[in-house]
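> I would like the entire structure built from these sequences, with the hints used as guidance.
Residue numbers (this note's numbering), protein chains in the order written: chain A, 276 to 515; chain B, 2 to 497.
Honestly, the hints are just simulated from the structure, not real lab data.
What you are looking at is a predicted structure, and each value in this text was computed from that prediction instead of being measured.
Glycine is no exception: its CB is placed at the ideal position from the N, C-alpha and C atoms.
Stretch by stretch, here's where chain A covers chain B in the computed footprint (C-beta under 8 Å, at least three residues):
hint, segment
1, 80–90
2, 202–210
3, 217–226
Reference listing, derived: stretches of chain A covered by chain B, where coverage requires no fewer than 3 residues with Cβ under 8 Å from a Cβ of chain B:
hint, segment
4, 304–315
5, 381–395
6, 473–480
Simulated pairs of lysine-lysine, PhoX-like, Cα-Cα distance not exceeding 25 Å:
hint, chain 1, residue 1, chain 2, residue 2
7, A, LYS396, B, LYS35
8, B, LYS137, B, LYS35
9, B, LYS338, B, LYS307
10, B, LYS35, A, LYS388
11, A, LYS388, B, LYS137
12, B, LYS282, B, LYS69
If you want the building blocks of each chain, they are given just below.
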Amino acid sequence: MIDSFLLIGLPYAAIFIFLIGSILRFRYYGYSVTSHSSQFLESDKLFWGSRLFHSGIVVLLLGHIIGFLIPKSIIVVTSTPLWMMVIEVTAFAFGLLTLAGIVLLIKRRIQEKRLHSVTSKMDLIVYFVILTQVITGLLVAYYHRWGISWYASSLVPFLRSLIIFMPDQAVIASMPWLIKIHTISAFVFIGLIPFTRLMHFLVYPLAYLWRSYQLVIWNRDQKAMHSSKNTREGVKPVNN
Amino acid sequence: MDIRSQIAMVFHLDKCIGCHTCSIACKNIWTDRKGAEYMWWNNVETKPGTGYPTKWEDQKIYKGGWVKNGDKLELRVAGKPTGLTKLYHNPDMPVMDDYYEPWTYDYDHLFEAPAGSDQPTARTISLVTGEPIDVKGGPNWDDDLSGTPDYGRNDINLRNVSAEDQEAMFQLERMTMHYLPRMCNHCLNPACVAACPSGAVYKRGEDGVVLISQEKCRAWRLCVTACPYKKSYYNWSSGKSEKCLLCYPRLETGQAPACMHSCVGRIRYLGVLLYDADKIKEFASCPENELIDRQLDIYLNPFSEKVIRDAKKNGIADSTIEAAQKSPVYKFVKEWKIALPLHAEFRTMPSLFYVPPMLPVMGKMENGVYESTTTNLWGKIEESRLPLQYLANLFSAGNQDKIKEVLKKLMTVRYHRRQVTVNDIEGSLLDDAFESTGLTPDVADAIYRLTSLVKYDERFVIPAAHREEAIEMIESTDDRKGNTGFGEKKGTRRVF
Ligand code: HEM
Ligand code: SF4
Ligand code: SF4
Numbered sequence: 276m277i278d279s280f281l282l283i284g285l286p287y288a289a290i291f292i293f294l295i296g297s298i299l300r301f302r303y304y305g306y307s308v309t310s311h312s313s314q315f316l317e318s319d320k321l322f323w324g325s326r327l328f329h330s331g332i333v334v335l336l337l338g339h340i341i342g343f344l345i346p347k348s349i350i351v352v353t354s355t356p357l358w359m360m361v362i363e364v365t366a367f368a369f370g371l372l373t374l375a376g377i378v379l380l381i382k383r384r385i386q387e388k389r390l391h392s393v394t395s396k397m398d399l400i401v402y403f404v405i406l407t408q409v410i411t412g413l414l415v416a417y418y419h420r421w422g423i424s425w426y427a428s429s430l431v432p433f434l435r436s437l438i439i440f441m442p443d444q445a446v447i448a449s450m451p452w453l454i455k456i457h458t459i460s461a462f463v464f465i466g467l468i469p470f471t472r473l474m475h476f477l478v479y480p481l482a483y484l485w486r487s488y489q490l491v492i493w494n495r496d497q498k499a500m501h502s503s504k505n506t507r508e509g510v511k512p513v514n515n
Numbered sequence: 002m003d004i005r006s007q008i009a010m011v012f013h014l015d016k017c018i019g020c021h022t023c024s025i026a027c028k029n030i031w032t033d034r035k036g037a038e039y040m041w042w043n044n045v046e047t048k049p050g051t052g053y054p055t056k057w058e059d060q061k062i063y064k065g066g067w068v069k070n071g072d073k074l075e076l077r078v079a080g081k082p083t084g085l086t087k088l089y090h091n092p093d094m095p096v097m098d099d100y101y102e103p104w105t106y107d108y109d110h111l112f113e114a115p116a117g118s119d120q121p122t123a124r125t126i127s128l129v130t131g132e133p134i135d136v137k138g139g140p141n142w143d144d145d146l147s148g149t150p151d152y153g154r155n156d157i158n159l160r161n162v163s164a165e166d167q168e169a170m171f172q173l174e175r176m177t178m179h180y181l182p183r184m185c186n187h188c189l190n191p192a193c194v195a196a197c198p199s200g201a202v203y204k205r206g207e208d209g210v211v212l213i214s215q216e217k218c219r220a221w222r223l224c225v226t227a228c229p230y231k232k233s234y235y236n237w238s239s240g241k242s243e244k245c246l247l248c249y250p251r252l253e254t255g256q257a258p259a260c261m262h263s264c265v266g267r268i269r270y271l272g273v274l275l276y277d278a279d280k281i282k283e284f285a286s287c288p289e290n291e292l293i294d295r296q297l298d299i300y301l302n303p304f305s306e307k308v309i310r311d312a313k314k315n316g317i318a319d320s321t322i323e324a325a326q327k328s329p330v331y332k333f334v335k336e337w338k339i340a341l342p343l344h345a346e347f348r349t350m351p352s353l354f355y356v357p358p359m360l361p362v363m364g365k366m367e368n369g370v371y372e373s374t375t376t377n378l379w380g381k382i383e384e385s386r387l388p389l390q391y392l393a394n395l396f397s398a399g400n401q402d403k404i405k406e407v408l409k410k411l412m413t414v415r416y417h418r419r420q421v422t423v424n425d426i427e428g429s430l431l432d433d434a435f436e437s438t439g440l441t442p443d444v445a446d447a448i449y450r451l452t453s454l455v456k457y458d459e460r461f462v463i464p465a466a467h468r469e470e471a472i473e474m475i476e477s478t479d480d481r482k483g484n485t486g487f488g489e490k491k492g493t494r495r496v497f
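Shown next as structure tokens:
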């Protein structure tokens, strides 16, 4: 009972909240979506904390997503012991970077008085969830070796069964408890995204790469209006 | 040709008395809020001095502005794609200690202190942590300290002033200073806009005001690094960057920006310049010694029929063209050429121009004697108390000839007015001055008039914003009849 709540109810709730929540947050509280950088108040410690943490977490997150999207190729690649070893060790190393980073970030938050005034309750919860996630992740990797392989072959089918609305609890129910905790906390993390500063990685500004440097916006673009065929509405302003 | 209109400004430095009224007017309206206390969208610096934030002009430290790389123009550090690698931690971003930690005073203590043998005092309290602090710096901390080793001597603009000149400059009798009021230049080639990965910073097409959309800003903070004038500030509380908005709500209703309206010295002028946007890239990437001339070339003559025709084709309103013809800025910058941009070498093409100060042209040490009674009424510009190279570093990208030309014109106007009012200029001095500067008595009178006599309406020629037309595009004005305003207002408090 509790298992089906945590392993089926919670994932659905989390994904639903994530999807609807982040759209609503972006649509109606777009103003509040920001990285809330605290570098202005403290920069030196942030250098190590943030760089380590982000270089680790971004790679790990991408790894999980790739494994989820193309499990077959992962299974093929990891069938060679050498490759499996290389990938596994790399992933573990990035996990350690992430752990070191988040620990430094938390330490910085506590030590620096100036940061206290810009720390919200939600920030603390985010630290807690990420810390749980990273630590359980590392423990899983250590105690249940070759996770890359079984993630792709056993856990991904479970995740996919959720997506097609035919949840197959059996696969995961037999997994060790450490893996269950890691999975459950992952969904808690996903569900929290719309309510925290975590929104910031959803608005990663990739479009910068192909936009022109200068940006000029007209309230009333006379030139476009003259060439427009639409006589009634003209050109809607794109301002604000 | 792609003609656009730009609201541009002139500050006449000889008239600035360093009273900081402008800064206070701005602070009271816009930045008297949590997270913005340290922001001085308008500030007044003492030169020589290190400015605000400390040594902002030294791009070795702050890495702002554009650099010419072969034929290409690149942002010094932000830019594509390197900017995106600096999001997690930006090593070139100024931090609070480069500005100062804002504070207030513990006033309550004055009332609530228990009886004792000493007068109670109001301690300084940090506005960030709420705890007592010892204040180590503040805005204009170096006010009037041009002679001091910590400030005056650390001015980066002294870099190529000869050691001898520098030594002489700091001798007690030759010490000199002037004020430099600064605000966002609403540049034609703004580095802040180019650096923002979210596209939150933009230039308004109608009047060229550069703004940061608070809705779109995601606190990547690259505009702060990219602006070589350090006029984009990060609000540490709201997690958004902010900058001078040229009081656009005032402009749209025909009023001068608060700093300009309140200026005690009446040093500030504001008006329209028409320019050719197609030329921005080419001119901003020209060789350094041509920067000033090229920037002047980009501004178009608002009386030319062709310019008027093209401007209308581009949708520029008749009222704006008319304002461009009456623009005091056009006169100072283009007609008389006596106002220069600050640090053109940053290549952002600032829309704020300065009439350089004349005050240093007085006295020179000769054989250990302080010479103040020259036969030449005000001495020679070349022998001025402040090395010309210093002014050139500020206002003409290091080119001494440019600054000399301007100073000579200003000098000529003074000779001429002296002759008109006192009639004691001897010999051919005045004629020589007119000849070498190309001024005429009429022009000199016009400069004199615009410099010292004109009232509000001639100092600020503000075109109608036609906001009513813009608003009709968004909503029916009928629905809004009797209402108090348009737009929406949201609190800035953090939700999560
Ligand atoms: C995808 C690209 C990402 C970018 C560009 C990015 C950028 C940033 C920035 C600019 C900050 C503010 C740092 C400062 O104080 O100056 C930040 C903080 C933070 N980010 Fe990211 N981030 C990314 C991905 C992620 C991911 C995937 C996570 C977690 C799963 C994450 C978690 C955090 C946390 C917890 C903080 C707060 C750190 C602190 O202030 O102690 N970020 N991020
Ligand atoms: S002065 Fe700085 S903030 Fe203002 S427009 Fe220029 S680059 Fe942008
Ligand atoms: S108000 Fe005018 S005179 Fe006073 S400091 Fe500012 S610019 Fe100078």
